[in-house]
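Undergrad: So you can see what is in the structure, the chains are spelled out below.
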Amino acid sequence: MPTTAPAFSDATASDSALRRFLFGLPGVDAVGLEARAASLGTRSIKTTAKAYAIDLAISMIDLTTLEGADTPGKVRALAAKAVNPDPLRYAPPRLSSDPLDAEPDRMTPHTAAVCVYPDMAATAAAALAGSGVKVASVATAFPAGRASLDVKLADVRDAVAAGADEIDMVIDRGAFLSGRFLKVYEEILAVKAECGTARLKVIFETGELSTYDNIRRASWIGMLAGADFIKTSTGKVATNATPANTLLMLEAVRDFRAQTGVQIGVKPAGGIRTTKDAVKFLVLVNETTGEDWLDPHWFRFGASSLLNDLLMQRQKLSTGRYSGPDYVTVD
Amino acid sequence: MSEQNRLSVYKTYKLYVGGKFPRSESGRVYEVTDSKGQWLANAPKSSRKDARDAVVAARKAFGGWSGATAYNRGQVLYRVAEMLEGRKDQFVREVAASEGLSKSKAAAVVDAAIDRWVWYAGWTDKIGQIAGGANPVAGPYLNLSTPEPTGVVAVLAPQKSSFLGLVSVIAPVIATGNTAVVIASADAPLPALSLGEVLATSDVPGGVVNILSGATAELAAPLAAHQDVNAIDLTGADTALAKELEIAAADNLKRVLRPQPVDADGTSDSEDWPASPGTHRLTAFLETKTVWHPTGALGAAGSSY
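Residue numbers (the numbering used here), protein chains in the order written: chain U, 1 to 331; chain S, 1 to 305.
Don't read these hints as lab results, they were simulated from the structure.
Errors might be hidden in some of the hints.
To be verified - Here are the simulated DSS-like pairs of lysine-lysine, each with C-alpha atoms no more than 30 Å apart in a straight line:
#1 S:20 with U:236
#2 U:46 with U:276
#3 S:60 with U:46
#4 S:14 with U:276
#5 S:20 with U:276
#6 S:88 with S:20
#7 U:183 with U:236
#8 U:46 with S:49
#9 U:50 with S:49
#10 S:60 with U:276
#11 U:236 with S:60
#12 U:50 with S:60
#13 S:160 with S:36
#14 S:88 with S:126
#15 S:105 with S:14
#16 S:11 with S:88
#17 S:105 with S:11
#18 S:103 with S:14
#19 U:50 with S:20
#20 S:49 with U:276
#21 U:276 with U:50
#22 U:46 with S:14
#23 S:160 with S:103
#24 U:46 with S:20
#25 S:160 with S:20
#26 U:74 with S:60
As the list claims (entries may be wrong) - Chain U is faced by these chain S residues, among others (derived, beta-carbon under 10 Å):
#27 223
#28 225
#29 251
Every value quoted in this text rests on a predicted model; they were computed, and no experiment measured them.
Glycine is no exception: its CB is placed at the ideal position from the N, C-alpha and C atoms.
I would like the entire structure built from these sequences, with the hints used as guidance.
TA: Below you can see the structure in the form of structure tokens.
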């Protein structure tokens, strides 16, 4: 179990120490943050850069289905899509001397993971065995997180036993918003211990934290507690990932690595539906944390419909014709 | 109040896409002149991305519009006629300027265009009986054919008949439940852009009709090749362009309406627009669904429907 970096071991010694530490973090300039995110969103990414961005984005997707109506059949179909997103196998555009274009018929990459509820993790694991696509499972009474710690830990145990490679947990927003930061921290520690070798993504549900300052504090709690990823939201509330809150979290992981040498991933989730949106997020990553994070191991998109839009754009790049929803799968 | 003391309020003509009035994504405009070359207004010069956005809007609107009852669609089309009637003066002015007609001739054109909406409004719940029905088959089946809308239709409006011609190509497409992406006449787009304002206030759901202005060939090419457009009406294309578009449209087996060219340049502008249009434009963008329903013992007993 990774221990808290020595530089911050004092910060988590007690509830009051943690509060002092979190309130000692610099305040967020909300206007500046949003302006910065908006200005980075205006970058023009075209031709070969766009082709590269599309393939990178596809390889970063946690293809997600988190519905009460999920069936084993749906999860298997989604797994098949994750492994081979575009069975039509469009050839990639060959527009320049870019090394990516040198390979003829470069295949559509597989997605990073399939994200399901714990009871579907075994189905997903069986369907994805040997494919290189990871199985991610939400846990800890997702999405509300309203359960006792024992129940949450049992949920995690279940998912890991069923073959999940990654666990997406939700923090206790009730505890966070009422100022019991150490409880949030200890809960993450406990879940992390339960994960074993599985990577842990910590969901803050930024839409419920109400201020940017809170998002920054939550990010630090997550990072101090040993999260492998910090993730914006569940996708179940009105406000999900936005460029601004993702930029803020990217700054947090950048600062954390600068101070401790530990690299942590970021996963915006919910509301990212178009290629244009996804490319904007990739620009944020590149400009904030740099190329080290431009890798499926360190940056993910929690999305479902995004993949279809990326595939349609990919088809447009390789054929020159606008594609349509008839040429990609429904789910 | 004297006219001289008042500053002119010029109208910014904008596109009509998805029920909204955007400028062109490209930011471009071009000058629109009257028949004598006098400047009338600047119109947006749409790009292929505007065409793509319009197709997305039309696709989104298709489910609701094609699923609406024919009776309801008829009411909506009639509502368009009502709204046009109230704004007749504006359209008379724009048509007179665009086509170089006298005021009385332009008024006759606008009247005919309003009547055209009423004509097609009446057809919405009748075309099913004309284009479908029970088929006599040699077996114990009740066999029914029913026409269904094709989907998203790209419409190249006539180049010269900027309003009556325009209405005559839009109304039949949407009457049967299709949604339309319309490329207005390149030289006379103003009546079309103003029609968008009328449609927006006529209970026509956003996205059912999307109106683009600009260079016809530049917009038509991506639409003809677009995999999510189901049909294309080539009325406003000249011979060379129509040929090119037909080839592009073949790729996803689009339904193509290429009217008999009647002008020297290959367009169909001199088509007799005021004449009664018949049903060929209604039936051009329909798919026939046929259902075989077994009649079982009834048929075996020698009886039939």
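Undergrad: Hint by hint, note whether the structure agrees.
TA: Tested hints:
1. S:20 with U:236: holds (29 Å)
2. U:46 with U:276: With Cα atoms ~11 Å apart, residue 46 of chain U and residue 276 of chain U stay inside 30 Å; holds.
3. S:60 with U:46: holds (27 Å)
4. S:14 with U:276: holds (24 Å)
5. S:20 with U:276: holds (21 Å)
6. S:88 with S:20: holds (22 Å)
7. U:183 with U:236: Given that 30 Å is the threshold and the Cα spacing comes to 24 Å, the pair holds.
8. U:46 with S:49: Holds: residue 46 of chain U and residue 49 of chain S sit about 14 Å apart, inside 30 Å.
9. U:50 with S:49: holds (16 Å)
10. S:60 with U:276: holds (19 Å)
11. U:236 with S:60: holds (23 Å)
12. U:50 with S:60: holds (26 Å)
13. S:160 with S:36: It holds: about 14 Å lies between the C-alpha atoms, which stays within 30 Å.
14. S:88 with S:126: Distance ~28 Å between residue 88 of chain S and residue 126 of chain S Cα, so the pair holds.
15. S:105 with S:14: It holds: about 27 Å lies between the C-alpha atoms, which stays within 30 Å.
16. S:11 with S:88: holds (17 Å)
17. S:105 with S:11: Given that 30 Å is the threshold and the Cα spacing comes to 24 Å, the pair holds.
18. S:103 with S:14: Holds: residue 103 of chain S and residue 14 of chain S sit about 25 Å apart, inside 30 Å.
19. U:50 with S:20: holds (29 Å)
20. S:49 with U:276: holds (13 Å)
21. U:276 with U:50: holds (10 Å)
22. U:46 with S:14: This hinted pair holds, its Cα atoms lying about 27 Å apart.
23. S:160 with S:103: holds (17 Å)
24. U:46 with S:20: holds (27 Å)
25. S:160 with S:20: Holds. Residue 160 of chain S to residue 20 of chain S sits at ~26 Å (cutoff 30 Å).
26. U:74 with S:60: Answer holds: residue 74 of chain U to residue 60 of chain S is near 24 Å, not above 30 Å.
27. 223: holds (9 Å)
28. 225: At 4 Å from the nearest chain U Cβ, residue 225 of chain S passes the 10 Å test, so the hint holds.
29. 251: holds (7 Å)
Of the hints listed earlier, there is not a single one the structure fails to meet.
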